[in-house]
Amino acid sequence: MIELYHWEPNAESLALLICLKEKNVEFHGQYVDMLQLEHHTAAYLELSPKAQVPLLVAEGENMSDAGLALQYLAERYPEPRLAPTDPSGWYDLQAWTAWLGGMMGLAADVALLGWNTVMLEKMPAKELAAFRAKVAELPQEKKSGWAAVWSDAEADEDELLNAEERVQQQVAKIESILIDAEWITGGAYSIIDMTAFAHLHSVPALVPGIMNHSETPRITSWLARMHKRPAVAGALAMHNSTIAPVVYAAPGS
Amino acid sequence: MLQVYTWEVNSNSGKPLIFLTEKGVEFDFHYIDVLKFEQHQPEYLKLNPQGTVPTVVHDGKVMTESTQALQYLDAVLPGPSFTPGKPLEKYRMRWWATHGAAWAASLSVLGWHAFMGPMVRKMGDEKLNDLLERIPNKQRRIAWSTAAKSTFTEEQLQNARDGVAAGVQMMEARLRVSPYFAGDNYTIADMVIFANAYSLPLMHDYAASDDISPCFIDWLRRIYRRPAIVEVFKLGRTPMRERAEEMISRFAAQDGSE
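Order-wise, the sequence lines are chains A and B.
The numbering of the first sequence is the numbering used here, which starts it at 1 and goes up by one.
The numbering of the second sequence is the numbering used here, which starts it at 1 and goes up by one.
Bear in mind the hints are in silico, worked out from the structure with no lab data behind them.
Just so you know, not all the hints are guaranteed correct.
Chain A is nowhere near these chain B residues, computed Cβ spacing over 10 Å in every case [stated by the list, open to error]:
| id | residue |
| --- | --- |
| 1 | 65 |
| 2 | 87 |
| 3 | 94 |
| 4 | 123 |
| 5 | 135 |
| 6 | 206 |
| 7 | 249 |
Straight line, CA to CA, 27 Å or less: simulated DSS-like cross-link-like pairs of lysine-lysine [claimed, not checked]:
| id | chain 1 | residue 1 | chain 2 | residue 2 |
| --- | --- | --- | --- | --- |
| 8 | A | 173 | B | 23 |
| 9 | B | 234 | B | 36 |
| 10 | B | 138 | B | 46 |
| 11 | B | 23 | B | 138 |
| 12 | B | 86 | A | 21 |
| 13 | B | 138 | B | 36 |
| 14 | B | 23 | B | 86 |
| 15 | A | 173 | B | 138 |
| 16 | B | 138 | B | 86 |
| 17 | B | 138 | B | 149 |
| 18 | A | 173 | B | 234 |
| 19 | B | 86 | A | 23 |
| 20 | B | 46 | B | 61 |
| 21 | A | 173 | A | 122 |
Label pairs and their in silico Cβ distance ranges [said to hold, decoys possible]:
| id | chain 1 | residue 1 | chain 2 | residue 2 | range |
| --- | --- | --- | --- | --- | --- |
| 22 | B | 169 | A | 182 | 22 to 32 Å |
| 23 | A | 45 | B | 159 | 18 to 28 Å |
| 24 | B | 118 | A | 218 | 36 to 46 Å |
| 25 | A | 41 | B | 246 | 44 to 54 Å |
| 26 | B | 253 | A | 187 | 35 to 45 Å |
| 27 | A | 234 | B | 183 | 27 to 37 Å |
| 28 | B | 248 | A | 187 | 39 to 49 Å |
| 29 | A | 159 | B | 166 | 24 to 34 Å |
Each residue gets a CB set at the ideal place from its N, CA and C atoms; glycine is no exception.
Whole structure, please, built from the sequences with the hints as guidance.
Take a look at the structure:
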């Protein structure tokens with residue numbers, strides 16, 4: 001059976017949860033509490049040496065690249081269709097996957113904003129102190145990547161403004177695509193909508209000035225279309241944290 | 001007709017050249033001289049606003065993501081297939097094509113320091129600064145400026161050498177398990193990694209040699225035996241070509257003495 005190691009229904013964990021529910025594939029979900037640094041335990045590092053979350057385990061393979069794992073699910077379980085099958089549409093889908101994922105992309109900027117605007121403000125001081133103490137104990141070579149976002153210093157104002165500016169540019173790009181289309185690529189609902197939603201759904205709560213009914217009406221109604229899907233609602237309902245409802249509120253609700 | 005705007009048989013630039021030569025498909029090769037920063041000139045930016053190489057245009061479809069473009073071309077062009085059929089093998093191919101040459105960022109630091117930097121600095125500070133100013137993306141401008149002026153510290157250079165060595169060991173571990181990166185067959189993943197790794201034993205023998213990475217060296221040897229690989233390096237116009245030719249003769253001499 002497929003196994004999914006995931007954290008909160010957010011970012012790439014959310015995209016994979018939505019996809020598995022849309023495909024109606026039976027899977028065993030395993031919650032990895034990143035705030036307890038469970039992804040840095042010896043047992044987890046065996047599975048995912050770079051401490052990446054989520055992790056899809058299928059056909060005995062530990063799939064640590066979530067964007068590629070989504071492509072795998074789309075091809076392994078062709079129905080319902082969640083990706084184009086023509087080479088041109090598949091190229092576009094892969095280009096979107098490359099563009100949306102990764103430390104240099106939208107995901108990193110939204111994570112930085114989420115950490116600094118919600119987590120640092122909403123997390124009880126005691127929990128935050130305990131979390132930072134754990135991060136501080138990580139070996140030096142584990143402190144790059146996401147751990148750098150979570151390091152002891154808050155991002156400075158400039159960094160946050162730069163991240164906001166980049167998110168705004170990405171949002172503008174998607175907004176302009178949705179002028180002529182209901183979904184982001186390939187003329188139909190696809191794994192790219194799931195990935196984009198997983199990274200963007202918290203932006204109206206994190207930075208309301210960037211994404212709202214008047215500035216980005218098309219993205220806002222695309223978000224609402226996504227929220228109406230049972231698979232999306234089901235995935236979002238899997239949250240396990242006291243901070244989560246703040247971030248995962250539907251726009252306008 | 002197929003249009004390929006690219007530079008040398010090296011790194012991202014080399015991917016479509018290697019792939020199309022393997023495929024046996026004709027294409028128009030538009031040489032974009034990266035050492036003259038031609039990829040940042042207005043004419044090229046009209047085609048590819050990011051100012052990256054390569055750009056591949058097929059039937060009006062403009063593709064700037066090179067690894068993904070190879071998968072598209074493999075599906076639409078005639079010739080042998082370099083993509084496995086099963087979803088799991090495709091995942092492995094894509095994983096290795098995406099992450100298997102991540103160490104090339106470290107290699108690039110060393111390459112600029114030893115080779116590219118001195119070459120571009122021949123044009124003089126004024127012209128170099130002018131060309132750097134035209135780079136559209138700010139982060140890329142800073143990265144190119146650091147690279148072109150080789151303002152790397154000894155610590156950065158040592159980190160880069162460590163990065164290359166760790167990358168070779170990651171490849172070695174995989175090639176101990178299967179002959180090619182995706183499994184039993186030569187695929188796009190091998191071409192993508194080879195485009196970055198083709199001269200490692202020559203320039204970076206502290207990281208790649210028969211003693212410390214025998215499976216990796218054996219993989220290189222098998223790829224250098226492919227006629228398309230010998231052929232494709234003839235497209236090169238810089239000393240990078242000579243490095244590949246030296247590898248070809250080194251392996252040929254070993255084959256001859258076996």
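Which numbered hints are broken by the structure, listed smallest first?
-> Per hint list: 1, 2, 3, 8, 11, 16, 18, 21, 22, 24 and 26 violated.
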